[in-house]
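These protein sequence lines map, in sequence, to chains C and D.
Going from the first sequence to the working numbering is simple: count from 1 and add 187.
Going from the second sequence to the working numbering is simple: count from 1 and add 187.
The hints are all genuine.
Just so you know, same-sequence chains aren't split out, so a pair can sit in one copy or run between any two.
Calculated cross-link-like contacts (lysine-lysine; reagent style DSSO-like; alpha-carbon spacing at most 27 Å):
hint, residue 1, residue 2
1, 389, 366
2, 376, 400
3, 376, 389
4, 400, 478
5, 478, 376
6, 366, 349
7, 379, 482
8, 366, 205
9, 463, 478
10, 389, 478
11, 482, 389
12, 400, 383
13, 383, 482
Hint data in this document are derived by calculation from the structure and do not stem from the laboratory.
Residues per chain, in single letters:
Number of protein chains: 2
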Amino acid sequence: MSVLIVGSTALDSIKTPKTENPRLLGGSASHAAVAASFFSPVKLIGVVGEDFPRRYLRLYKRHGINLEGLQVRPGNTFHWSGEYEANMNNRRTLLTELGVFETFTPTLPTAHRETPFVLLANIAPSLQHHVLDQMRRPRFVVADTMDLWLNIALEELLRLLKRIDGFVLNDSEAQQLTKEANVFTALCKLHKLGPKYVIIKKGSHGSILSGPKGIFICPAYPLPRVMDPTGAGDSFVGGMMGYLAGARGSIDTHIRRAMIYGSVVASFCCEGFGLKRTTKLKRAQIEQRMKELEKLTRF
Amino acid sequence: MSVLIVGSTALDSIKTPKTENPRLLGGSASHAAVAASFFSPVKLIGVVGEDFPRRYLRLYKRHGINLEGLQVRPGNTFHWSGEYEANMNNRRTLLTELGVFETFTPTLPTAHRETPFVLLANIAPSLQHHVLDQMRRPRFVVADTMDLWLNIALEELLRLLKRIDGFVLNDSEAQQLTKEANVFTALCKLHKLGPKYVIIKKGSHGSILSGPKGIFICPAYPLPRVMDPTGAGDSFVGGMMGYLAGARGSIDTHIRRAMIYGSVVASFCCEGFGLKRTTKLKRAQIEQRMKELEKLTRF
Chain C
188 MSVLIVGSTA LDSIKTPKTE NPRLLGGSAS HAAVAASFFS PVKLIGVVGE
238 DFPRRYLRLY KRHGINLEGL QVRPGNTFHW SGEYEANMNN RRTLLTELGV
288 FETFTPTLPT AHRETPFVLL ANIAPSLQHH VLDQMRRPRF VVADTMDLWL
338 NIALEELLRL LKRIDGFVLN DSEAQQLTKE ANVFTALCKL HKLGPKYVII
388 KKGSHGSILS GPKGIFICPA YPLPRVMDPT GAGDSFVGGM MGYLAGARGS
438 IDTHIRRAMI YGSVVASFCC EGFGLKRTTK LKRAQIEQRM KELEKLTRF
Chain D
188 MSVLIVGSTA LDSIKTPKTE NPRLLGGSAS HAAVAASFFS PVKLIGVVGE
238 DFPRRYLRLY KRHGINLEGL QVRPGNTFHW SGEYEANMNN RRTLLTELGV
288 FETFTPTLPT AHRETPFVLL ANIAPSLQHH VLDQMRRPRF VVADTMDLWL
338 NIALEELLRL LKRIDGFVLN DSEAQQLTKE ANVFTALCKL HKLGPKYVII
388 KKGSHGSILS GPKGIFICPA YPLPRVMDPT GAGDSFVGGM MGYLAGARGS
438 IDTHIRRAMI YGSVVASFCC EGFGLKRTTK LKRAQIEQRM KELEKLTRF
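Okay, chain C solo, but in the shape it has when bound (with noise of 0.2 Å):
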């Protein structure tokens, strides 16, 4: 089955200690979508301006990426730019032009509403609305925030949680949401505002699941050298979205697993900027990734 994927589509410049990155593509779609390919078909549905590279729509293609849902307006791309410190957890936003994500309205073509997994990445909530009201009736549902709309769109996102079935943030968001530090106390709160799945990504320590069959401490694949997280968590929810839509049986049965291929796409993630060192990526090298996790974790 396929994926649908709503998010931001952009160009991405990273700066660090030692290199200037300019212009990657980014944005919490393209890194879900890469992600979710390797696993599924997928519809990208975003927004680009006329400055977008159409070596960038080619690299989508090339992962099998439908492109209906993509518009092409008028003006630019948006545009982050950001710097990270020499330990790659901090960073702080240098510039954000919105570019033609100010004025983005997603509209989905007539064949991309049954599309049974829907993937609400990264976004405005009131956009992830949006697409949900033209969904005919998705089998699952996941969502993915930021602090952002936590501080400006709060109330929207509250709404959202009760239209979806998974609800994916990571910590420090979950205790800003639930004003609570402990990760299992903060998944209970969670429940209560709607998701039957909830999960707390945790970086470098991993995630934490709570769903009907309970807890899941899934690892975080062992990297000494991280090159450029940026979009490591949307890799992770985009990997395993894609896992569960191109799995057979329930979403209980695969859900576990989905987060470790998930995980382990993220880890592939860091180790280049970008989105370089994902789209090089090729399923033999996951799967090799994926036997070491359960390697490292068995007892």
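Starting from the structure of chain C, add chain D where the hints point.
Frame of chain C, contents of chain D only:
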């Protein structure tokens, strides 16, 4: 087989925003010894003053802990007092009265010198050396430490690392010692200092082992409520060494399960002040959480 444990034996006064708990049984060796006692016979090496409550001696004995190596000296028992913030993560020391600990020289009863498993729990590296000097060809020696010794006894600690099989420290200490924020790079650097097995503790994020059989990602047991994390790290390493001493076969065969058992005992430790919860523990309850951890991590 039995395990010899040296470390601090103290009275801990622990304040939280809600309660005060004066003069609890504490110290690295007390926590480690009680944790180890669930799995194998323990010989405790330490010192207490004349003020040491008899009920704590009875408590050690109830756990079958051999007290031949516990010195009772004129003066007061080492007394530590600390205060936790509401989130139970940040603590500050209010008071440290060394008492009889100031002049402690760990002299081993002759019969103790052939104990096969040795845990040098957190204590001054010079005393850890002194214990090792008295041992006759121990099979497996593990040392724990704390930031204080990195600051004031680094040279002796580095010399100790060349004499032990396993080294256990927490993530911030590993970063301080190696100047490396990445856990996996830090592990490589720590091996170069001597130990064949290195374990980095990450609190509620679990722990990571690096050894001859590679990396092991060890989860922490999920706790929705932490009452008092004092001694959790000591319980972890104590439980691990107790399990290893009680297991037949090679270290490599058992160390992963040993860490999981340590993790489980540490989780109980966090659920009560001082050793209050740990001392009420039954082996069946440990096995129950062990099984749960298997379920929580299986994929």
